[in-house]
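In the order they appear, the protein sequences are chains V and X.
For what it's worth, the working numbering labels the leading residue of the first sequence as 1, then goes sequentially.
For what it's worth, the working numbering labels the leading residue of the second sequence as 1, then goes sequentially.
Keep in mind that the hints were calculated from the coordinates and are not lab data.
Don't take every hint at face value.
Claimed, not checked - Stretches of chain X that chain V covers, calculated by requiring three or more beta carbons in the stretch to come under 8 Å of a beta carbon on chain V:
1. 14-24
2. 104-115
To be verified - Simulated DEER-style distance windows between Cβ atoms:
3. 164/X - 11/V: 49 to 57 Å
4. 227/X - 15/V: 26 to 34 Å
5. 227/X - 40/V: 55 to 63 Å
Here a beta-carbon is modelled for each residue, glycine too, at the ideal position from N, C-alpha and C.
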Amino acid sequence: MILNNYEDSIVRMITETGLGRAEIEKIMLIFFESTYGILKDLDLALRKSDYKMIQKISHKIKGASGNLRLDWISKIVDELEISGKNRDMEACNKLTEKLYYHINQYADFV
Amino acid sequence: MKKQILIVEDDIISGKILEGILYNLGYIPLGVITRIEESLLLVKEKMPDLVFMDIDLSSSMDGIHTAEIITGLYGIPVIFVSSHNDITTINRAKNIGVGYITKPFFKLDIERAIEIVFDRQNIDDDNDGKEYSSNRIAIRCEDGVMFIKLDEIIFFEAIGHMISIHTIDDIFTIRNSLKNIIGSDKSKVFFRCHKSFLVNTKKIMGLIKDESYNYKIKFKETNIQIPISKNKVKILRKHHI
């Protein structure tokens, strides 16, 4: 399932941006490597109940994942940004867990 | 010559994608800059033809404010990039930038946004500051192009790559240089009184000295005074007033 999604994202990127597969895969790798670092900041923001930071981090991942056509990740961080805005910690925690799961699943294929 | 484009974007992934698209479209990307201070230095140094600017930069200044500086000082057009869809942000950006694209990026959107900017610039370059032979100057405005008669102009002031045209009632801004204007002035009524000023000699009332003993030009129809370089005082007195 994840493999199909990943492949879909690559194909859509090629069609919609005109970039080559090798170039896209290189950018995907940078995304997953950098997102691991960002997730640590997200953990810290959750522990401190820093809703502003949660929104900021989600917004940043949303832009990058949306641009990479990683729709599942993009959808989760979009909801996370809204939950941060609504100061809903329970939802923020659940969505972060979900985000970790998907990032790990995708990262296995990159 | 290939146009050079600078990307100011703190999301390095989006920046890399945009850089790749620009390269494939035949432009020269000057890199992805993540910090505002660095972007301002690079703009000054490289003078790109266009800047792609992210609105949400993690800095004390946002992308819109930075674009105001780049456009105001250097006359370089800016296309905004954002994942924001709220109308307030878009309207704020529209007042400064010449284009606006939202994430995710599509090659076609980017290609069109750039074409619009460069096409518009060609119209500006073709029209702005031209038509001196018929004693008028063309200026791009909201409704298209308008003309000002040369004898209505009091002086021109150079500000970066832009020029302010001062008349009795209005100030207009065009993208041009004083050198171009004086070179095309067939009436020969305009005099370069200072490195940043070109004055209509028919409008001059006289020269006055300020408290620092520097000369200034006084006009017949307005209280505005403009500086004159010391070495130009004699020439102006001898040939023009």
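Comparing the hints with the structure gives:
1. Counting residues of the segment 14-24 of chain X whose C-beta lies closer than 8 Å to any C-beta of chain V gives 6; at least three are required, and the coverage claim holds.
2. Counting residues of the segment 104-115 of chain X whose CB lies closer than 8 Å to any CB of chain V gives 4, so the stated coverage by that chain holds, three being the minimum.
3. The hint said 49 to 57 Å for the Cβ distance between residue 164/X and residue 11/V, and at roughly 52 Å that hint holds.
4. One distance hint, 26 to 34 Å for the beta-carbon pair residue 227/X and residue 15/V, is violated here, with the actual separation near 59 Å.
5. The beta-carbon spacing between residue 227/X and residue 40/V, approximately 57 Å, falls within the hinted interval of 55 to 63 Å.
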